[in-house]
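Asks: One line per chain: the protein sequences are A and B, in this order. Under my numbering, think of the first position of the first sequence as 1, with each following residue one higher. Under my numbering, think of the first position of the second sequence as 179, with each following residue one higher.
Check the hints yourself; a few may be wrong.
[Stated by the list, open to error] Within a straight-line C-alpha distance of at most 20 Å, the following computed EDC-like cross-link-like pairs (lysine to aspartate or glutamate) qualify:
1) A:120 / B:323
2) B:241 / A:55
3) B:250 / A:20
[Said to hold, decoys possible] From the structure, some residues in chain A lie toward chain B, with a derived Cβ separation under 7 Å:
4) 67
5) 121
6) 161
Don't read these hints as lab results, they were simulated from the structure. Heads up, the beta-carbon is just placed ideally off N, CA and C, and yes, glycines get one too.
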Amino acid sequence: MGDEKKYGENELVMLLKQRDREGFSYMYDNYSAALYTVILSIIPDREQANDILQEVFIKIWRQVELYDESKGRLYTWMIQIARNAAIDVVRSTKYKQSQKNQEIDESVYGNETEEFNPDKIGLRPMVHKLRHEHRELVELSYYQGFTHEEIARTLNLPLGTVKTRLRSALIQLRTLFK
Amino acid sequence: MMNIEEYIASGIVESVVLGLASPAEAEEMMLLRKQYPQLDKAIIDFEQSLEQQGLRGAVSPPKQVKAELFNKLEHEFAKKPMEQVEQPETEKIFMAGPVIPRFWKYVAAAALILFIANTIGSYVLYNKYTELNSAYSLLQNNYLDLQEQNKSEKERFITMYRDMQMMQDSLMAVVKMKGVAGKESNLATVYWDTRTKDVYLFSNNLPPAEPGKQYQLWAMVDGKPVDAGVIGNCEGLCKLKNIPSAQAFAVTLEKAGGSPVPTMSSLYVMGSI
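Use the sequences and the hints to build the structure in full.
Replies: See below:
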């Protein structure tokens, strides 16, 4: 862990495709925090986020053959896998049920679970600086995983408006990157 | 020809990289990036800034997650040290040559060769297996996507078919509303069911409503405008309110949710029965 070896992205992908243990370990050390942060910003419960992170790395490991360099960077590919895994959980009926129960628990016993304040991590602080109508769209699509059609229906907006408004929200968001 | 600068500035790059665009939009961008180096660069730039942003101030997972993960995957890593272990043993066999009868030397060599061949064979088969396994799950995902797509296409078709039948119904009064002065290219049609008095609207050509605004249909009843409903997010024929009698219809652009009286300055189309 302490060694100073650094791999370039192509080299790392090659090592992973060769099922190299050290390559995998290097990838974990370098990217696990970023992926974990994406997951936590969607699922603030640490226990659940830990499980999802493991699942995500297993998926990356087993599907690295499907990664196509010509379509994007390794980081982009991994971060999409992480976000999708977290969104799958958010949208599952089991999770929705557990959230309801938790609200009841909290109101009765107070909040004892180890939850992160999701507002402080990942892209969230920047999303918070957006105008209300932009923030709403980023929240629904990026963090809740709603499709454009679902958002159009929920907010009673034309589909075209949803698409253009979301895109201008993302452009705004990008200007807030440090 | 498309204006690539405009395309890049539209936010599509951010939308695709963050995984928020539809598969069709993503596919299109992947094709375009091969044609336009500026686009390719814009994509890579955003990916890099997203990566820098993501690595900065990230929260590390607890240590035990890595340990558990490596436990689970232990048998999936390539077994490297094996060749190094075998080397000295073969040497020993040859060095001890004079003591071991020649026959056993052959047996040992044959056994070793078989063992190595077997190991390589299993490894190759195992790789094939994982490859096929991931290819299979990819196919499965594609299949589910297609199924989903098929379902929504079917729904659209049913809606269109229903609309078509309604438009052809001889008991439907058809009121063509033409664009007013300055908006001549606009057109919308009211279909008014003479039995139930239900009103349906078809937007032949209306510009997309600005954010926070909606089109509203008015029925002119004895010279007075009566609210006939706002036009929500619907495809094809939109069912609006029930209007027992009217002499004309008109459409104005109002604030979202509609207004109690029409804003005449934003009148788009009208037509009389």
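Asks: Is the hinted pair residue 250 of chain B and residue 20 of chain A satisfied, with a Cα-Cα distance of at most 20 Å?
Replies: 15 Å, holds
Asks: Is residue 120 of chain A within 20 Å of residue 323 of chain B, Cα to Cα?
Replies: 35 Å, violated
Asks: Under the criterion that the straight-line Cα-Cα distance not exceed 20 Å, is the pair residue 241 of chain B, residue 55 of chain A satisfied?
Replies: 16 Å, holds
Asks: Let me know if the C-beta of residue 121 of chain A comes in closer than 7 Å to any C-beta of chain B, holds or violated.
Replies: 6 Å, holds
Asks: For the restraint on residue 67 of chain A, tell me whether the closest CB of chain B is nearer than 7 Å.
Replies: Where the cut-off is 7 Å and the nearest Cβ of chain B is about 10 Å from residue 67 of chain A, the hint is violated.
Asks: Hint residue 161 of chain A vs chain B: min CB-CB distance below 7 Å?
Replies: Hint on residue 161 of chain A: holds, closest Cβ of chain B at ~6 Å, below 7 Å.
Violated hints, in rising order: 1, 4; the structure is consistent with all others.
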